[in-house]
Amino acid sequence: EPEVTQTPSHQVTQMGQEVILRCVPISNHLYFYWYRQILGQKVEFLVSFYNNEISEKSEIFDDQFSVERPDGSNFTLKIRSTKLEDSAMYFCASSPLGQNELYGYTFGSGTRLTVV
Amino acid sequence: QKEVEQDPGPLSVPEGAIVSLNCTYSNSAFQYFMWYRQYSRKGPELLMYTYSSGNKEDGRFTAQVDKSSKYISLFIRDSQPSDSATYLCAMKAAGNKLTFGGGTRVLVKP
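Protein chains in written order, with my numbering: chain Z, 1 to 116; chain F, 1 to 110.
Any given hint could turn out to be false.
Simulated crosslink set (BS3-like; lysine-lysine; CA at most 25 Å straight-line) [unchecked claim]:
id, chain 1, residue 1, chain 2, residue 2
1, F, 97, Z, 42
2, Z, 57, F, 109
3, Z, 83, F, 42
Hint data in this document are derived by calculation from the structure and do not stem from the laboratory.
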């Protein structure tokens, strides 16, 4: 079964450093997403991306965050200057369609980011 | 009032029992309703989705939506120890953003 692949599974970084989290969405999917889950809290939407641009973002997704699809297969989330409160599980997801379709909305296993 | 509320549990049941989970929501714009299963330190895995009031069945799982009461439920029949996980409800209005409940931890004891 096709899956969303995320690397690394765990990343430790020092406060103020830049990190890039990587994802390989399912190959025929068109919409890509990042969510995060702080330990013990809800899964929260960060951003959605379609046709090489951001289609929707949450208030969490401020200027410290950026997303990119640098080639035909990867989708990345960059945090420019990490803060302690950025420590969380970051989930990438992809879907074949958007808006009114939920079939195939698939999550990766996540990257656990620890900022020290 | 939180947009989506879900009892965190834990909900402990004996093997073979029916597991009953529910979420309430406040945003009338939600049109699509999902249930995800999440094992420890893994990503959410889609179990069921629906966009209309009423029941939807898939194997041992039944999802119920009552839009008039803003209430959704998931029932798991003949529960197994492998069903032990955290169950997340999620909802969507227009657009692609999913809004999740906090999750209910379920323990199925052999």
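Of the hints given before, which are not true for this structure?
2
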